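Novice: Residues per chain, in single letters:
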Amino acid sequence: MVPRVFLAALLVPIAVFAQEPIRIGAFLSVTGPAAFLGDPEQKTLELYVEKLNAAGGVIGRRLQLVAYDSAGDAEKARAYVKRLIEQDKVDVLVGGSTTGETMAALPLAETAGVPFISLAGAVVIIEPVKKWVFKTPHTDRMACEKIFIDMRARGATKAALISGAGGFDKSMRAECVKVAGKHGVQIVADESYGAGDTDMTAQLAKIKGTPGVQAVLNAGFGQGPAIVTKNYRQLGLGAPLYQSHGVASKQYVKLSGDAAEGVRLPAAALLVAETLPASDAQKKVVVAYKQEYEKRFNQEVSTFGGHAYDGLMLYVEAVKGAGTTDKAKVRDALENVRGYMGTAGVVNMSAQDHMGLDLTAFRMLEVRKGDWQLVQ
Amino acid sequence: MLAQYVLSGLTVGAIYALVALGFAIIYNASHVINFAQGEFVMIGGMATAGFIEAGLNLPLAAAAAIACATLVGILLEKLAVERARGASVVTLIIITIGASILLRGLATLVWDKRIHPVPGFSGEQPIAFMGATLLPQVLWVLGVSAAALALLWWFFNRTLTGKAMLAVSHNPLAARLVGISVRRVLLVSFALSAALGALAGILIAPISFTSWDVGVMLGLKGFAAAILGGLGSGPGAVAGGLALGLVESLGAGYLSSAYKDVFAFLIILAALVFLPDGLFGRRAAERV
Amino acid sequence: MSSFPTASSAAAPPSASRRSLAALAVIAALLPLVLPNAYTYEVAILVGINAITCIGLNILIGYAGQISLGHAGFFGLGAYGTALLASRYGWPTFVSLPAATVSVGALAWLVGRPILRLRGHYLAMGTLGLGVIVSIVLATEDRITGGPDGMAVPPLSAFGFAIAGEKAWYWIIAAVLVTCVWLAQNLIESPRGRALRALHGSEIAAGAAGIDASRHKLHAFVLSAVFAALAGGLAAHYAGFITPAKASFLHSIELVTMVVFGGMASTAGAVVGAAVLTTLPQLLTVLKEYETVTLGAVMMLTMIAMPRGLIPTLEKALDAARGKPV
Chain A
1 MVPRVFLAAL LVPIAVFAQE PIRIGAFLSV TGPAAFLGDP EQKTLELYVE
51 KLNAAGGVIG RRLQLVAYDS AGDAEKARAY VKRLIEQDKV DVLVGGSTTG
101 ETMAALPLAE TAGVPFISLA GAVVIIEPVK KWVFKTPHTD RMACEKIFID
151 MRARGATKAA LISGAGGFDK SMRAECVKVA GKHGVQIVAD ESYGAGDTDM
201 TAQLAKIKGT PGVQAVLNAG FGQGPAIVTK NYRQLGLGAP LYQSHGVASK
251 QYVKLSGDAA EGVRLPAAAL LVAETLPASD AQKKVVVAYK QEYEKRFNQE
301 VSTFGGHAYD GLMLYVEAVK GAGTTDKAKV RDALENVRGY MGTAGVVNMS
351 AQDHMGLDLT AFRMLEVRKG DWQLVQ
Chain B
1 MLAQYVLSGL TVGAIYALVA LGFAIIYNAS HVINFAQGEF VMIGGMATAG
51 FIEAGLNLPL AAAAAIACAT LVGILLEKLA VERARGASVV TLIIITIGAS
101 ILLRGLATLV WDKRIHPVPG FSGEQPIAFM GATLLPQVLW VLGVSAAALA
151 LLWWFFNRTL TGKAMLAVSH NPLAARLVGI SVRRVLLVSF ALSAALGALA
201 GILIAPISFT SWDVGVMLGL KGFAAAILGG LGSGPGAVAG GLALGLVESL
251 GAGYLSSAYK DVFAFLIILA ALVFLPDGLF GRRAAERV
Chain C
1 MSSFPTASSA AAPPSASRRS LAALAVIAAL LPLVLPNAYT YEVAILVGIN
51 AITCIGLNIL IGYAGQISLG HAGFFGLGAY GTALLASRYG WPTFVSLPAA
101 TVSVGALAWL VGRPILRLRG HYLAMGTLGL GVIVSIVLAT EDRITGGPDG
151 MAVPPLSAFG FAIAGEKAWY WIIAAVLVTC VWLAQNLIES PRGRALRALH
201 GSEIAAGAAG IDASRHKLHA FVLSAVFAAL AGGLAAHYAG FITPAKASFL
251 HSIELVTMVV FGGMASTAGA VVGAAVLTTL PQLLTVLKEY ETVTLGAVMM
301 LTMIAMPRGL IPTLEKALDA ARGKPV
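Protein sequence lines correspond, in order, to chains A, B and C.
Mind the numbering: the first sequence is residues 1 to 376 in this note's numbering, read in order.
Mind the numbering: the second sequence is residues 1 to 288 in this note's numbering, read in order.
Mind the numbering: the third sequence is residues 1 to 326 in this note's numbering, read in order.
Hints are computed from structural coordinates only; laboratory data are not their basis.
Since the model is a prediction, treat every value here as computed from it, not as a measurement.
Note that CB positions come from ideal geometry on N, CA and C, so glycine has one too.
Misleading hints may appear alongside valid ones.
[What the hints assert, rightly or not] List time: in silico DSBU-like cross-link candidates among lysine-lysine, alpha-carbon distance up to 30 Å:
1) A:LYS369 / B:LYS113
2) A:LYS254 / A:LYS284
3) C:LYS167 / A:LYS43
4) A:LYS51 / A:LYS283
5) C:LYS288 / A:LYS295
6) A:LYS295 / B:LYS113
7) C:LYS288 / B:LYS113
8) B:LYS78 / A:LYS43
9) A:LYS254 / B:LYS78
10) A:LYS131 / A:LYS320
11) A:LYS254 / C:LYS316
12) C:LYS167 / B:LYS78
13) C:LYS288 / A:LYS89
14) C:LYS316 / A:LYS130
15) A:LYS131 / C:LYS167
16) A:LYS51 / B:LYS113
17) C:LYS316 / A:LYS290
18) B:LYS78 / A:LYS290
19) C:LYS288 / A:LYS51
[Unchecked claim] Looking from chain B toward chain C, a few residues come up when the C-beta cut is under 7 Å (computed):
20) LEU2
21) ALA84
22) VAL90
23) GLY98
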């Protein structure tokens with residue numbers, strides 16, 4: 001009698017609760033200087049929320065995406081995150097395309113106790129570890145290390161740096177300067193260019209004039225690296241040129257044209273999905289995502305969209321594991337993700353590591369005849 | 001190395017000069033600073049890229065792009081500036097700022113938010129010259145800019161419309177009294193500035209690509225160049241543009257590449273402090 | 001031919017300005033009753049911060065008739081000043097905030113003397129250049145300032161109590177705003193304010209009447225810089241974060257737009273302009289990719305329809321309705 005009444009009383013809220021959609025709050029730089037990042041991220045989130053809902057939702061509930069465009073502006077990002085937390089009452093935050101936006105919004109997620117999966121690059125997001133903050137992209141420090149290891153493998157010990165004025169550029173440049181010594185590389189030149197600059201021949205001429213330069217690393221994204229690449233060939237610089245994962249997209253290759261031949265950069269296996277050997281553990285996931293994205297949007301797949309896919313899927317994985325959207329339980333589930341295969345690589349989270357990727361997640365790619373090739 | 005710096009400085013300086021001329025022409029006709037000038041540059045580049053992707057060949061795409069930009073300039077004048085006649089100069093400036101925001105938003109809708117390449121007019125093979133290398137496009141930039149300047153000089157000094165525009169810039173009231181339609185002059189000045197801006201955008205796009213927001217920085221630097229040269233002066237705009245480009249390039253080469261824009265602006269500020277009307281500016285006579 | 005703004009700089013009679021001050025205080029006190037959640041408080045706080053900057057800028061543009069396209073530079077310097085003093089040198093924030101504000105004022109005094117010799121568009125360029133230089137330096141010196149990604153700012157605290165949460169900040173900003181409006185109105189109605197307005201009309205005529213133009217212009221410049229720096233410092237402590245974008249050229253343009261949109265030579269106009277142009281983008285997010293186009297269109301249409309700005313046009317309409325001579 002009492003237990004039955006009790007059960008009936010429980011069923012009512014459960015029934016109501018079953019209708020409540022799982023709200024995923026996103027703040028992305030869809031317009032503005034980082035539209036490069038936010039546009040594929042938003043498209044990916046929309047596509048997969050749709051697919052997940054078509055397949056019956058997650059734990060019996062449909063997903064609802066609430067997305068705002070923060071246009072690369074940290075203050076806007078803060079305001080939108082506040083809106084997402086207080087007004088839209090989301091269950092999870094996925095976003096912060098740029099490090100600046102992520103760092104500005106971080107404290108809000110921490111105070112409100114909402115799991116936040118960042119899509120930005122800098123290592124400072126997860127170091128030191130923050131309770132509610134996770135991230136899916138590789139850190140810029142990992143990119144530097146991958147590049148320096150490759151440089152040493154080719155016999156280069158003296159390198160020149162050239163970077164832009166943006167947050168990503170500066171953060172990666174600082175990390176590279178920090179870890180160069182550990183890998184036995186000496187930075188002999190350090191030039192920079194401004195946002196919106198149309199010509200980098202002056203800076204590259206200086207690098208050309210510096211004695212002993214054996215390799216050049218360009219930390220940047222947007223159109224700057226493409227201009228650097230073209231100017232690089234124009235000036236006839238012979239040393240190998242490395243770009244960052246910030247330009248790991250076909251657009252960079254198209255913009256640079258023939259000048260990109262022989263350029264190397266670290267990137268997720270997503271870019272060479274089809275050419276991966278069948279034995280590669282990542283192949284299934286990346287090929288599936290690549291085909292879905294390209295079919296739907298008629299656009300080249302982008303690693304940034306891949307990070308959004310990983311963010312969403314990790315959350316879904318955690319919710320399934322916890323059986324609920326209770327924020328604290330999902331957070332714990334996220335922290336315990338082991339062996340999850342995403343587009344960026346294998347994810348092994350822990351209490352000390354809220355990113356979960358290691359250096360094997362990055363592959364070194366080289367541009368050959370306008371296409372990516374895996375460097376063994 | 002000096003030759004390389006000078007060449008790159010002259011290239012970007014020529015673009016600044018064209019944008020600065022656009023500012024000067026509109027200013028002369030109306031005392032308005034058209035903050036949407038940079039957007040004409042953007043339309044030139046993006047429309048060319050768009051037309052090429054749609055299948056037109058380069059010369060046709062470029063011509064069509066200039067036509068588009070000119071149309072936008074005319075629309076801007078007719079729908080916005082003319083409607084606001086009698087408003088203060090500051091109000092007109094805010095209207096042009098609104099126009100620049102509107103045009104940037106339209107660009108993301110008509111085209112997209114990506115960066116687009118435009119093929120060089122005559123290939124990408126670098127040419128060696130006096131110890132420096134330059135892209136063939138640089139020759140196009142310098143050559144076409146020089147030709148445009150020559151054409152403008154002929155227009156302003158040898159045609160009736162051009163002379164009428166000069167008259168309006170000196171004294172609108174007197175110009176009206178001798179029968180010059182100030183409204184027509186305003187319309188022509190916007191159309192001409194738009195065409196010049198678009199031309200600059202098309203010339204530079206093969207070197208530095210084009211996207212929906214290239215206009216912001218170029219507009220800002222073009223304005224700085226126009227002020228440096230003396231607002232309202234054609235030769236001043238050109239001199240200001242070239243000087244700005246050279247200062248930037250030499251600053252990046254010999255001083256610090258991170259601070260080259262700071263040097264450029266410091267030099268402009270210093271120049272203005274000693275020459276408050278710019279390099280070639282007319283001493284403005286104020287009626288008390 | 002006067003080279004610049006020609007808005008009427010006649011001040012409202014003292015009783016009208018006391019009425020508008022009272023109205024502002026009442027609105028600020030009652031607003032929390034209609035704000036549903038912390039997000040709306042945040043928007044209100046942002047409006048207040050922008051309004052404080054705009055009131056100062058309005059004294060410079062609307063009353064003294066000098067244009068500044070670089071005021072975001074002062075805002076950014078105030079913000080970074082208090083942030084650096086508090087986090088890197090460990091100063092208590094109730095000391096670092098006024099210290100930064102006063103230092104920016106001193107800097108404005110130093111820089112203002114040569115810069116204000118320029119007129120009209122040349123002054124616009126001069127101030128623009130200064131603003132751009134500040135924003136580039138802030139973004140480039142990343143070891144001190146954290147670079148383009150910005151730096152964290154300690155919260156404002158006094159005697160061990162940290163001020164946190166939207167509600168507390170709302171009252172602080174409201175109090176500062178009302179005080180600033182009061183200060184601005186007092187200045188405008190004082191002999192100094194009349195001297196400023198005379199300058200705006202004609203510098204030469206004012207000089208003939210014995211007014212030292214350069215001194216008054218400098219005072220207006222410094223005062224507006226102080227307002228901007230104060231607003232910047234408050235914004236930094238409120239958000240707990242600051243980026244160089246706050247000192248950018250685009251932010252300077254936004255500020256000037258707010259002042260002109262609301263109505264130059266009108267303190268109420270500065271506040272209203274800040275309110276409208278801060279909340280409008282938040283409201284327009286529903287339009288997603290059409291947000292930018294709509295914002296630009298709204299700006300253009302409003303300025304074409306109301307060339308003297310929102311408040312002066314409304315005042316004129318009210319006067320006409322009352323039958324007063326317009």
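Novice: All the hints need checking, so say for each whether the structure fits it.
Specialist: For each hint, the structure was consulted:
Our distance criterion of 30 Å between C-alpha atoms is met by LYS369 (chain A) and LYS113 (chain B), whose separation comes to about 26 Å. Taking the CA atoms of LYS254 (chain A) and LYS284 (chain A), the gap is near 27 Å; set against the 30 Å cutoff, the hint holds. The hinted pair formed by LYS167 (chain C) and LYS43 (chain A) fails the criterion: a straight-line CA distance of about 36 Å is larger than 30 Å. A hinted pair counts as satisfied when its Cα atoms are at most 30 Å apart, and LYS51 (chain A) with LYS283 (chain A) qualifies at roughly 20 Å.
Note on LYS288 (chain C) and LYS295 (chain A): the hinted pairing holds, with a Cα-Cα distance of about 24 Å set against a maximum of 30 Å. Between LYS295 (chain A) and LYS113 (chain B), the direct Cα distance comes to roughly 20 Å. Compliance with the 30 Å bound is thereby established for this hinted pair. Of the pairs offered as hints, the one joining LYS288 (chain C) and LYS113 (chain B) holds, with about 14 Å between alpha carbons and a cut-off of 30 Å not exceeded. Distance hint between LYS78 (chain B) and LYS43 (chain A) is unfulfilled; the C-alpha atoms sit about 38 Å from each other, more than 30 Å.
With a C-alpha separation of about 39 Å, the suggested pairing of LYS254 (chain A) with LYS78 (chain B) is violated against the 30 Å cut-off. Pair hint LYS131 (chain A) plus LYS320 (chain A) holds up; C-alpha atoms about 20 Å apart against a cutoff of 30 Å. Between LYS254 (chain A) and LYS316 (chain C), the direct Cα distance comes to roughly 57 Å. Violation of the 30 Å bound is thereby established for this hinted pair. Restraint check: the Cα-Cα separation between LYS167 (chain C) and LYS78 (chain B) comes to about 48 Å, which exceeds 30 Å; the hinted pair is violated.
For the hint pairing LYS288 (chain C) with LYS89 (chain A), the CA-to-CA distance comes to about 20 Å; that is within 30 Å, so the pair holds. This hinted pair does not check out: LYS316 (chain C) and LYS130 (chain A) have alpha carbons roughly 56 Å apart, beyond 30 Å. Restraint check for LYS131 (chain A) and LYS167 (chain C): the C-alpha separation of about 26 Å stays at or below 30 Å, so the hint holds. A threshold of 30 Å between alpha carbons decides the hint, and for LYS51 (chain A) with LYS113 (chain B) the separation of about 26 Å falls inside it, so the pair holds.
This hinted pair does not check out: LYS316 (chain C) and LYS290 (chain A) have alpha carbons roughly 61 Å apart, beyond 30 Å. Only pairs whose Cα atoms come within 30 Å are accepted, and LYS78 (chain B) paired with LYS290 (chain A) is rejected, the gap being roughly 48 Å. About 22 Å separates the Cα atoms of LYS288 (chain C) and LYS51 (chain A), which keeps this hinted pair within 30 Å; it holds. Annotation: interface hint on LEU2 (chain B) violated; nearest CB of chain C at approximately 25 Å, more than 7 Å.
Because the smallest distance between the Cβ of ALA84 (chain B) and any Cβ of chain C comes to about 5 Å, under 7 Å, the interface hint for this residue holds. For the restraint placing VAL90 (chain B) at the interface with chain C, the shortest Cβ-Cβ distance is roughly 5 Å, inside the 7 Å limit, so the hint holds. The restraint placing GLY98 (chain B) at the interface with chain C holds, with a minimum CB-CB distance near 3 Å, inside the 7 Å limit.
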